[in-house]
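K.L.:
Chain A is already provided as a structure; the job is to place chain B on it using the hints.
Chain residues, written in single-letter form:
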Amino acid sequence: MVKVLPVKMPKVSPNDDNGTIVEWLRATSEEVNKGEILCIVETTKSIFEIESPSGGYFFPLSSVGEAVDVGVTIGAITDTQVTQEEVIHLLEQEEQPQEIAAPVPVTNESTLTIKAQLLAKRLGINPAELPQNGQRITEEDVKKYAESRNTSLHSDRLEMDTVRDRYPEGKIQRILIIGGGDGAVQLLDVLAKTPEQQAVAILDDNPELRGKKVNGVPVTGGIDVEQIVALYEQDEFDAAIISISTIIKLRAEIFEKLKSRGIPFANIIHPSVVKGFNVKMGEGNVIMAFTHLGACASLGDNNFISAYCSIEHHNEMGNHCSFGPGVVTSSRVIFGDQVRCGTGIFIEPKIHIGAKAVIGSGCIIWQNVPDGAILKSKLNYVERASNKK
Amino acid sequence: MEKDPNAILLGEDILDPYGGAFKVTKGLSTKFPQRVFTTPISEASIAGLTVGMALRGMRPIAEFMFGDFITLAADQIVNHAAKYMGMYGDQMKLPMVLRTPVGGGRGYGPTHSQSLEKMFLGLPMFHILAPSHFVHPGEILVQAISGSYPTLFLENKLLYPEVLKLEQHSGVINRTVHFDEHNYPVVVLSNFPDKRKADIAIVAYGGISRLLGPVLNQLAQEEIWITACLPVSLSPLPIKHIQATTEGIKKILVIEEASPAFGWGSEVSAALYDAHAGQLDGPILRIGAANSVIPASKPLEEKVIVSEEKILSAVFEVMAW
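Keeping their order, the protein sequence lines are chains A and B. Note that the numbering used here numbers the first sequence so that position 298 is 298, with each residue one more than the last. Note that the numbering used here numbers the second sequence so that position 162 is 1162, with each residue one more than the last.
Isolated chain B (complex conformation):
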């Protein structure tokens, strides 16, 4: 906001002293009182305003308090934000960012814990980003705001308190970063030191990164070598990078927080089957939330969403093939 006077923030309850439900905007309304606006409870109008501002040359950034509410803005996203750049070609850009917290694990129940991004994946000229804690989310947010495309920016709730892991080596975990065609990072993690081939490739994004650290550490103890690919951009999918990272690895596991049916993992798997036909040891295993509502009770919620234990048992299953 300091760099660009056209950057404008809007959303519900984002003003100080509350500073937003997850405190992401805390302090900004005090520092930039003319450019931070609290809005009525209408995601459709927030999105509409955002599209309008972007059309007229501003760089609006809107917050939806919970990702679950994004369906209220579906028409503005699908029929407006995702259309104009295609309809008017080079004549215009639509630099707008819709930020929203997603995911479960905090006992918020069926309507405040979902990962609904699959409903918006694959829209042309519309980007969906989901940073993990292996990248710097602030830098990616600035990149999205400075870009030309309307962007949905997903923040996993459980990543908010996580410490960023940006080191090249951290214990047994090595981290390298590639950049896709829109210059968004594709993080590649491995839990083995040398040039050997991984036993299993894991492809995942966003909040799953929180589980991958401990999982990769534990699997190293079991001599199970993993290469994990974590793209920031979900749509468009940097499939060439994912294909290159998983090339030559015989077993593939795709993990997402949403329920896997008709989702991101399905698209990734289909693309990987195209690239690695005949080279895999078995079917690509996809894991995600159970196809169910997310219970408010924490013990029940744990049964529905992805956990370290579920990933480990999936890995052991794949290893036994």
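Chain A extracted, bound-state conformation:
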């Protein structure tokens, strides 16, 4: 097998896409050593030499005066004596194009236009269930599909048990409160009004609280997962609740850790809360006085909703959200996980609030809020301080 090595026109200057051969310094089939000069090439700025890339027999394949594009073969080196025709034949074989890889099958996702993908995501439609028509699926197609199945869109809610969070009748649920701050006091206040639930202990990492009592309930130790699991296994409590509302990350972490260890969570709901029908709720939620949950609203797990909030009908809330007092939403608002709302916030219908968004007090939200966004209301500030002492 004859080995053939092509010599190509190099790129020596960014200004030039070709070079002109001025002179061949070696004859056809002449023996050359590696590094010996084969020819002289001219570009717009200079003249340079092309060296042999290896030892062997040299075959020039371009003529003097010819302008050759960069990367094009101008000659070849073979390891055995062959004819020029053989060299050209060998090079042609070498330069056979590689087999083209089979086309990647088009995924269903990419058959949707980006607009269609965004709409499907917003409507919670799995792209795979959209009817295929052999063409790209447009925003209009997704709209039509959503309209066509509109009746079935929320049918699961109609069959839903509205009292999934109810504890067996006649038995008092013993509650372990995690976190001993102001949140615990609020929880204890609610629990004092809910005869089916009773606080049995509070855990807090502050050693100064250890052994003390909050509203008669003892602070028995720190927030230690193993300790909590042990307490549960010893049947010291039935369900846990987290009173921490300001540090969402901590609230979420504690919840996830305890859930992974099989600890059940209670929903603590003030008796004054107005609940519409088909309200769906996970566990670990705290809902304070005078809050309204509209019909068919759904809450995930571990949310903390302060007093005087109105979560309107068909709202969908993720997990680990924390709302200050007076957050009022309109219909079909969707919250991601770990959304933090300040106090006095109004949200327009069908708005999507991205995960981990932080919405400052006093905001009026009339557009979708991306994940992680921080919104601040600039409506009021101290314009002038009073001079009077």
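These are calculated hints, taken from the structure and not from any lab test. Keep in mind that a hint or two might mislead.
To be verified - Here are the simulated EDC-like cross-link-like pairs (lysine to aspartate or glutamate), alpha carbons at most 16 Å apart as the crow flies: (1) A:Lys143 x A:Glu129; (2) B:Lys1157 x A:Asp17; (3) A:Lys213 x A:Asp189; (4) A:Lys45 x B:Asp1016; (5) A:Lys356 x A:Asp337; (6) B:Lys1023 x A:Asp16; (7) A:Lys115 x A:Glu94; (8) A:Lys8 x A:Asp69; (9) A:Lys121 x B:Glu1317; (10) A:Lys8 x A:Glu94; (11) A:Lys115 x B:Asp1199; (12) A:Lys115 x B:Glu1317; (13) B:Lys1240 x B:Glu1267; (14) A:Lys3 x A:Glu86; (15) A:Lys257 x A:Asp224; (16) A:Lys121 x A:Glu140; (17) B:Lys1023 x B:Asp1013; (18) B:Lys1298 x A:Asp17; (19) B:Lys1157 x A:Asp16; (20) A:Lys3 x A:Glu92; (21) A:Lys3 x A:Glu94; (22) B:Lys1157 x B:Glu1301; (23) B:Lys1003 x B:Glu1139; (24) A:Lys45 x B:Asp1013; (25) B:Lys1023 x A:Glu140; (26) A:Lys34 x A:Asp79; (27) A:Lys376 x B:Asp1281.
Said to hold, decoys possible - Examples of chain A residues lying across from chain B (beta carbon under 10 Å, computed): (28) Pro14; (29) Asn15; (30) Thr44; (31) Ala116; (32) Gln132; (33) Arg136; (34) Glu140; (35) Val369; (36) Pro370; (37) Ala373.
Unchecked claim - Taking CB as the label site, the calculated pair distances span: (38) A:Gly65 x B:Gly1027: 15 to 25 Å; (39) A:Thr73 x B:Pro1283: 51 to 61 Å; (40) A:Gly134 x B:Glu1308: 21 to 31 Å.
On a predicted model such as this, the values are computed, not experimentally measured, just so you know. The beta-carbon is built from N, C-alpha and C at its ideal position, and this holds for glycine as well.
P.N.:
Quick look at chain B alone, frame taken from chain A:
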């Protein structure tokens, strides 16, 4: 040069047969041997000569071989060219044009690939023009030469081989042209046929136009509707036209080839925030080169400068808001 015997050309290596590093002046020294001058390698003296000639009634046009060398002429530009019309008022004009190729994409490395116009933006009585391939650069150059103001004329290197796109409709792309207060064109492109409102407004200039054609075509496939505004005049900024073009569009993307910090895009964004306060869906997104030197290695250079991919991913990011 045929029209005006006062037009004079000067620059490095602009004589035939070389005809300049980018061949823009090729043939002119043969046709007008008395009015085309090759100069020593001193951008400061080229600019000084140009200012002097313009002061005395000529219409000089100088070429800087690369836009990167313009800082060598900074004193002549900032303290002389940009001053005289203000200092002497109506008594004089300063019709001079400094032409120079700018931008990266050819692997020329850190000192031959930059877009340094931001260093000269905002000088009073000094115009900076950057034509795209959606306007006729030759006509704009003639307009600048025939005008009264000292002008920096930026030619994006990658636009040199581009075919001009001057049609009103080309595929899905529609092109309309407005004219600013100095009669320079402000091109408005859209990738949708009807009167609907665009999803995103793009504001850009110069060589970015090369990327916008393919980007607008691809986005039309994704049903993402764009109105793109490409002013030729960077400074003074035809902000009223940019504001009018972007009016009512909820998302805005500003693209420039230079690094965006402290630049043209910052000024455009500030002006657009003034005009559209409270009407936008989110912050104006600015994209440009990374704040870094431009590498000589082509694969690395591609990572630093703006590309079609970067624009598309910025658009998708903005759409998801």
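K.L.:
So, for every hint listed, does it hold in this structure?
P.N.:
Going down the list of hints, with the structure as the test:
no.: 1; hint: A:Lys143 x A:Glu129; in the structure: 13 Å, holds
no.: 2; hint: B:Lys1157 x A:Asp17; in the structure: 15 Å, holds
no.: 3; hint: A:Lys213 x A:Asp189; in the structure: 14 Å, holds
no.: 4; hint: A:Lys45 x B:Asp1016; in the structure: 14 Å, holds
no.: 5; hint: A:Lys356 x A:Asp337; in the structure: 6 Å, holds
no.: 6; hint: B:Lys1023 x A:Asp16; in the structure: 13 Å, holds
no.: 7; hint: A:Lys115 x A:Glu94; in the structure: 46 Å, violated
no.: 8; hint: A:Lys8 x A:Asp69; in the structure: 9 Å, holds
no.: 9; hint: A:Lys121 x B:Glu1317; in the structure: 14 Å, holds
no.: 10; hint: A:Lys8 x A:Glu94; in the structure: 14 Å, holds
no.: 11; hint: A:Lys115 x B:Asp1199; in the structure: 10 Å, holds
no.: 12; hint: A:Lys115 x B:Glu1317; in the structure: 12 Å, holds
no.: 13; hint: B:Lys1240 x B:Glu1267; in the structure: 13 Å, holds
no.: 14; hint: A:Lys3 x A:Glu86; in the structure: 11 Å, holds
no.: 15; hint: A:Lys257 x A:Asp224; in the structure: 10 Å, holds
no.: 16; hint: A:Lys121 x A:Glu140; in the structure: 14 Å, holds
no.: 17; hint: B:Lys1023 x B:Asp1013; in the structure: 10 Å, holds
no.: 18; hint: B:Lys1298 x A:Asp17; in the structure: 15 Å, holds
no.: 19; hint: B:Lys1157 x A:Asp16; in the structure: 14 Å, holds
no.: 20; hint: A:Lys3 x A:Glu92; in the structure: 13 Å, holds
no.: 21; hint: A:Lys3 x A:Glu94; in the structure: 10 Å, holds
no.: 22; hint: B:Lys1157 x B:Glu1301; in the structure: 15 Å, holds
no.: 23; hint: B:Lys1003 x B:Glu1139; in the structure: 13 Å, holds
no.: 24; hint: A:Lys45 x B:Asp1013; in the structure: 12 Å, holds
no.: 25; hint: B:Lys1023 x A:Glu140; in the structure: 51 Å, violated
no.: 26; hint: A:Lys34 x A:Asp79; in the structure: 12 Å, holds
no.: 27; hint: A:Lys376 x B:Asp1281; in the structure: 15 Å, holds
no.: 28; hint: Pro14; in the structure: 5 Å, holds
no.: 29; hint: Asn15; in the structure: 7 Å, holds
no.: 30; hint: Thr44; in the structure: 8 Å, holds
no.: 31; hint: Ala116; in the structure: 7 Å, holds
no.: 32; hint: Gln132; in the structure: 17 Å, violated
no.: 33; hint: Arg136; in the structure: 7 Å, holds
no.: 34; hint: Glu140; in the structure: 9 Å, holds
no.: 35; hint: Val369; in the structure: 9 Å, holds
no.: 36; hint: Pro370; in the structure: 5 Å, holds
no.: 37; hint: Ala373; in the structure: 8 Å, holds
no.: 38; hint: A:Gly65 x B:Gly1027: 15 to 25 Å; in the structure: 24 Å, holds
no.: 39; hint: A:Thr73 x B:Pro1283: 51 to 61 Å; in the structure: 53 Å, holds
no.: 40; hint: A:Gly134 x B:Glu1308: 21 to 31 Å; in the structure: 28 Å, holds
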